[in-house]
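Protein chains: 2
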Amino acid sequence: METNAKSLEPVQKIDGLVTPSLLLDRGKLERNINRLADHARKLGVVLRPHMKTAKSIDVARQVFPTEPGPITVSTIAEAEYFADHGYRDMTYAVGLSPASARRASELCRRTGVALKLLLDTVEQADALADVRKATGVTPSVFIELDCADHRGGLKPDDPKLIEVADRVVAAGAHLVGVLAHAGESYRLSTPDALVRAAENERSATVRAAEILRARGHACPIVSLGSTPTAHFAENFDGVTELRAGVYMFFDLVQHGVGVCAVDDIAISVLATVIGVKPEKGWVLVDAGWMALSRDRGTASQRVDQGYGLVCDEAGRVLEDVIVSQASQEHGILAIRSGSPKSMPDLRVGARVRILPNHACAMAGQHDFYSVVNGGSPEIDARWERIRGW
Amino acid sequence: METNAKSLEPVQKIDGLVTPSLLLDRGKLERNINRLADHARKLGVVLRPHMKTAKSIDVARQVFPTEPGPITVSTIAEAEYFADHGYRDMTYAVGLSPASARRASELCRRTGVALKLLLDTVEQADALADVRKATGVTPSVFIELDCADHRGGLKPDDPKLIEVADRVVAAGAHLVGVLAHAGESYRLSTPDALVRAAENERSATVRAAEILRARGHACPIVSLGSTPTAHFAENFDGVTELRAGVYMFFDLVQHGVGVCAVDDIAISVLATVIGVKPEKGWVLVDAGWMALSRDRGTASQRVDQGYGLVCDEAGRVLEDVIVSQASQEHGILAIRSGSPKSMPDLRVGARVRILPNHACAMAGQHDFYSVVNGGSPEIDARWERIRGW
Chain A
26 METNAKSLEP VQKIDGLVTP SLLLDRGKLE RNINRLADHA RKLGVVLRPH MKTAKSIDVA
86 RQVFPTEPGP ITVSTIAEAE YFADHGYRDM TYAVGLSPAS ARRASELCRR TGVALKLLLD
146 TVEQADALAD VRKATGVTPS VFIELDCADH RGGLKPDDPK LIEVADRVVA AGAHLVGVLA
206 HAGESYRLST PDALVRAAEN ERSATVRAAE ILRARGHACP IVSLGSTPTA HFAENFDGVT
266 ELRAGVYMFF DLVQHGVGVC AVDDIAISVL ATVIGVKPEK GWVLVDAGWM ALSRDRGTAS
326 QRVDQGYGLV CDEAGRVLED VIVSQASQEH GILAIRSGSP KSMPDLRVGA RVRILPNHAC
386 AMAGQHDFYS VVNGGSPEID ARWERIRGW
Chain B
26 METNAKSLEP VQKIDGLVTP SLLLDRGKLE RNINRLADHA RKLGVVLRPH MKTAKSIDVA
86 RQVFPTEPGP ITVSTIAEAE YFADHGYRDM TYAVGLSPAS ARRASELCRR TGVALKLLLD
146 TVEQADALAD VRKATGVTPS VFIELDCADH RGGLKPDDPK LIEVADRVVA AGAHLVGVLA
206 HAGESYRLST PDALVRAAEN ERSATVRAAE ILRARGHACP IVSLGSTPTA HFAENFDGVT
266 ELRAGVYMFF DLVQHGVGVC AVDDIAISVL ATVIGVKPEK GWVLVDAGWM ALSRDRGTAS
326 QRVDQGYGLV CDEAGRVLED VIVSQASQEH GILAIRSGSP KSMPDLRVGA RVRILPNHAC
386 AMAGQHDFYS VVNGGSPEID ARWERIRGW
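As given, the protein sequences belong to chains A and B, one line each in that order.
Those letters in the first sequence? Residues 26 to 414, per the numbering used here, in order.
Those letters in the second sequence? Residues 26 to 414, per the numbering used here, in order.
Hints are computed from structural coordinates only; laboratory data are not their basis.
One thing to keep in mind: the hints can contain errors.
One copy or two, either will do: identical chains are not told apart, so a pair holds if it fits within one copy or between any two.
DSBU-like mimics (lysine-lysine), calculated; alpha carbons at most 35 angstroms apart, straight line [to be verified]: (1) LYS366 x LYS38; (2) LYS302 x LYS38; (3) LYS38 x LYS305; (4) LYS305 x LYS67; (5) LYS67 x LYS38; (6) LYS302 x LYS180; (7) LYS158 x LYS302; (8) LYS366 x LYS180; (9) LYS180 x LYS67; (10) LYS302 x LYS366; (11) LYS158 x LYS180.
Note that this is a predicted model, so its numbers are computed, not measured.
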């Protein structure tokens with residue numbers, strides 16, 4: 026249930042928005058989308074954007090203005106939603122369970138969507154036979170690779186790689202390729218290290234594909250990606266597609282990694298000042314972790330941005346002002362520790378924009394985007410988001 | 026948009042739930058509700074539960090089975106929602122902005138609800154004159170107190186206390202009392218310290234009321250509360266009402282503080298195993314921070330519960346198994362560092378329940394509760410939740 030809806034209807038100006046509200050800057054979004062699209066084009070790979078960050082048909086339409094393209098999803102609910110909007114070529118990039126494989130296959134049967142699944146164990150491969158029998162759909166699956174001890178997946182040299190591939194075929198399913206996600210690249214912060222991580226991801230993934238091909242598996246798709254490695258990759262030999270999601274919006278973590286400028290960050294939370302404590306150097310706003318998320322991704326980076334970096338109402342950064350503490354519906358703004366600056370004069374009723382540590386997490390706290398353009402006081406559009414599983 | 030809805034309809038058993046799903050144990054909820062209600066009755070104060078944790082009319086009906094009672098809300102959207110369900114006596118316990126005061130007063134005018142507001146500055150008090158003029162409603166306000174340097178509010182001895190009270194009256198608004206929140210009690214962990222924190226909160230709040238009465242302000246309501254101090258208070262002399270919210274569900278942070286047993290925790294996230302990495306001692310599940318929240322409230326406590334403590338499908342704790350890492354839709358289960366235990370045999374497709382660090386944050390990631398009863402395989406009911414502002 027989205028109760029902000031009724032309040033927003035007559036509003037055309039940012040001034041009239043209920044706070045906290047999620048803003049999305051259309052110009053920055055467009056610039057970020059074009060940047061990675063251009064890079065993928067130059068490298069000669071298909072870009073399959075991950076919709077887990079935006080979760081919005083309206084944002085997807087900015088990426089694919091003429092017709093639906095290939096996408097990645099993080100939940101079956103996203104797959105159902107994008108299927109309803111005409112998307113036909115999707116990868117569900119989370120390891121399958123027997124129940125999710127069945128639900129995915131039912132979606133394929135019902136809508137004709139090609140939804141590719143992910144696995145890395147013989148048990149998951151074996152379970153596909155039952156799914157096929159129950160739904161009449163031949164599942165298409167990737168084998169998940171582990172290129173740097175990040176999460177799930179098999180190492181290219183793990184003998185289980187071939188075993189799992191053979192069992193996929195034995196279960197009557199279709200092996201479409203290998204898929205890696207260089208999640209560990211979020212911890213890096215220099216161009217050299219990012220270039221190396223991208224090359225490590227590429228070489229591990231291509232090697233796995235070669236091992237499978239030597240065994241007689243065609244392995245047509247070689248898929249990899251993470252926003253940092255996608256931008257820093259210099260060579261994609263042997264790779265067929267690239268996945269990334271947060272690149273559309275960017276955030277302070279990506280800024281800390283070195284992938285974007287602060288000015289590229291396309292989303293923020295608009296908040297209103299509800300109190301001041303000059304004796305402590307605090308300004309209280311009506312955006313707490315319910316609006317900002319609990320994500321503290323920059324805490325382990327060189328510059329800790331608290332619960333977010335603060336801008337004025339028009340989006341200009343207030344240097345060294347961060348959300349230093351957050352409770353459910355309260356944020357405390359303060360000057361970053363060690364800074365010589367003093368707090369700007371923010372009075373009750375003033376508004377600020379707060380940039381996210383992690384765009385996926387901040388956006389996940391909201392049901393829609395109010396689309397803005399730079400410092401313009403107008404709201405361009407209201408774009409929906411989905412959630413749930 | 027709640028896409029899980031369509032999948033849930035034919036489901037009556039936990040087995041058939043899409044994962045991740047939020048479970049609420051009805052028996053534990055009832056026990057927790059009764060515990061604090063009994064305590065408030067013994068202490069002779071009104072209990073005004075905070076609905077920011079549950080955000081659900083169905084849960085409110087467990088607290089008030091016969092007719093709507095007094096409640097606290099954390100957003101105007103909550104006030105609007107509960108007003109639609111017949112609740113008439115509410116306190117919006119977040120400092121007002123001119124915009125939120127106006128929206129609240131419009132709600133009062135439209136529905137006849139008594140929605141009390143909160144402030145701690147002369148600027149906020151002065152703004153009430155305009156609100157009154159614009160809406161024709163006389164705002165009722167509390168002055169927020171600061172009893173331990175926690176967030177907003179005035180110290181009882183701060184001369185601004187009287188100044189703000191006088192300005193509320195000068196603006197033509199109604200001063201209904203003083204309100205404190207002992208948020209710092211979340212950091213405590215011994216009964217003695219909690220009893221002292223409760224007494225500190227009580228004495229500071231009562232003292233502020235006395236100062237205002239000496240100035241001629243009636244100050245009929247003396248309101249305080251936080252889940253830890255509410256349970257540990259031994260003396261409520263001079264206090265008229267108690268607020269608490271997380272007590273209905275409890276969580277691992279409250280367990281770490283010493284307010285509840287693990288067995289009292291009424292909500293959990295049901296998740297499915299989607300991978301195993303025996304060489305690392307990892308089991309991967311389909312609940313990441315999108316389902317669990319990013320809250321790491323136990324990280325600063327004696328026992329760090331990671332992103333949550335893991336139970337088997339029926340809700341029995343798997344000793345020392347925690348969610349050690351989380352990404353958006355992945356959780357990694359592992360044995361707590363330092364424990365001699367080894368990982369139980371959890372295979373792909375198996376289900377677990379994950380207890381929250383912070384109930385408000387975990388519940389906030391979901392749009393409904395699947396109501397269960399202990400280890401029974403049946404789902405009793407599906408209860409809605411609201412979100413937004």
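How the hints compare with the structure:
| no. | hint | result |
| --- | --- | --- |
| 1 | LYS366 x LYS38 | within (32 angstroms within a copy, 58 angstroms between copies) |
| 2 | LYS302 x LYS38 | within (30 angstroms within a copy, 52 angstroms between copies) |
| 3 | LYS38 x LYS305 | within (33 angstroms within a copy, 53 angstroms between copies) |
| 4 | LYS305 x LYS67 | neither (52 angstroms within a copy, 39 angstroms between copies) |
| 5 | LYS67 x LYS38 | neither (40 angstroms within a copy, 52 angstroms between copies) |
| 6 | LYS302 x LYS180 | between (54 angstroms within a copy, 12 angstroms between copies) |
| 7 | LYS158 x LYS302 | between (66 angstroms within a copy, 28 angstroms between copies) |
| 8 | LYS366 x LYS180 | between (49 angstroms within a copy, 27 angstroms between copies) |
| 9 | LYS180 x LYS67 | within (29 angstroms within a copy, 62 angstroms between copies) |
| 10 | LYS302 x LYS366 | within (17 angstroms within a copy, 49 angstroms between copies) |
| 11 | LYS158 x LYS180 | within (30 angstroms within a copy, 69 angstroms between copies) |
The structure shown violates the earlier hints numbered 4 and 5.
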